[in-house]
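These protein sequence lines are chains A and B, in that order.
To convert, take the position in the first sequence, counting from 1, and add 1435; that gives our numbering.
To convert, take the position in the second sequence, counting from 1, and add 1435; that gives our numbering.
Treat the hints as calculated values from the structure; they're not laboratory data.
Any given hint might turn out to be false.
For chains that are exact copies, the list does not tell them apart, and a pair is met inside one copy or across any two.
[To be verified] Capping the alpha-carbon separation at 25 Å, the derived lysine to any residue pairs in SDA-like fashion look like this: (1) K1498 to Q1577; (2) K1504 to K1553; (3) K1600 to I1491; (4) K1637 to S1556; (5) K1479 to K1553; (6) K1602 to D1466; (7) K1481 to I1517.
There are 2 protein chains.
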Amino acid sequence: MLLCEIGNTNIHFYKKGASWNKKATIKNILDVKERFYYINVNEKIKSKLDSLENAIDLEPFLKIDTIYKGLGVDRVAACKAIDNGVIVDAGSAITVDIMAGGVHLGGYIMPGLFALQKSFSEISPRLDMTLNPNIDLDIFPQNSLEAISYGAIKPIILMLKESQKDKKLYFTGGDGKFFAKFFDNAIYDGSLIFKGMSKVLKTKGLI
Amino acid sequence: MLLCEIGNTNIHFYKKGASWNKKATIKNILDVKERFYYINVNEKIKSKLDSLENAIDLEPFLKIDTIYKGLGVDRVAACKAIDNGVIVDAGSAITVDIMAGGVHLGGYIMPGLFALQKSFSEISPRLDMTLNPNIDLDIFPQNSLEAISYGAIKPIILMLKESQKDKKLYFTGGDGKFFAKFFDNAIYDGSLIFKGMSKVLKTKGLI
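Chain A with its partners taken away, still in its complex shape:
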């Protein structure tokens, strides 16, 4: 059974424990001939998906106990996989959601590392540099590259520590592995969203 998570930039595919990515284009959707279950946050592709007979939208089945208005379906899917903990999807944005006893307590969004890097480059041509992920976060920076790398990475880590308290952190997304290494009681799971999708499919008797 093929699962698809369609974002604004990429499509993430998952089948029998294997996962792979393609660019989020209509052609890459039409190339899929077999039946697939998907979630989609990409408005540009939405109407095309609706018209496909082999594509089944999982969004109507992805409900979560929350008072949060407008929680993205990708975040709902990841939260579905975890009953207790802090879920961090570190991609173009970093979304953070807090789950306790199967209930979603709220969440927040920070720009991802690439978005921050782009932001620096737009503020000043002097700050148009590739962030250094290996800087020492325990000593004050001594040049511009250290200064923007420290100022991009450390605030995210402090925020996640503040949200974590005694809970477990579950990282997913492109930069999830990078951030996970800064924490105790944390794991990286690149298939968190697919685990949530699978869970719902099982609950609904669809697989």
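Dock chain B against chain A, hints included.
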């Protein structure tokens, strides 16, 4: 005596305790007929300034004890005004510099609030919203606007608290007043850079 701080967006003027801003254009520089001392980080205006007889660049006089390479002249000027403390210039970027006993210990840079807002809008049209500066930072957000406002503002505050420790915070810049209110042992001083410039002028016997 007229002082000028020229940034990438605005020119800040200061004379006898009064300050005012204009857009950073060559015309607004040429309109100044009296003699003025300036610092400039705007590359587009640099050669024009060099050619003006009534404009005196203070950069050669603004030296600070530091191992930091490439510290912007605006940051040096603000640091010159403070011997001990954490200096935060919250503008299009938020620069943070640590001074102890007149020595600069290092510093870092974060994107400013407007840059973060722009970054969210580029990540997804769903996040194209004006940040709400009045959200409660002690409860988890329950909608997208709260989520991006919390995710923009709170990491900056946590970073500044981490850098502050037992030191005093000195805020300046457009968003300085906003951030100052979250801290004990903190003041806002919109003329910090001009105070540093004046100090150097006095030291060098130029005024």
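Non-conforming hints, listed in increasing numerical order:
3, 4, 6, 7
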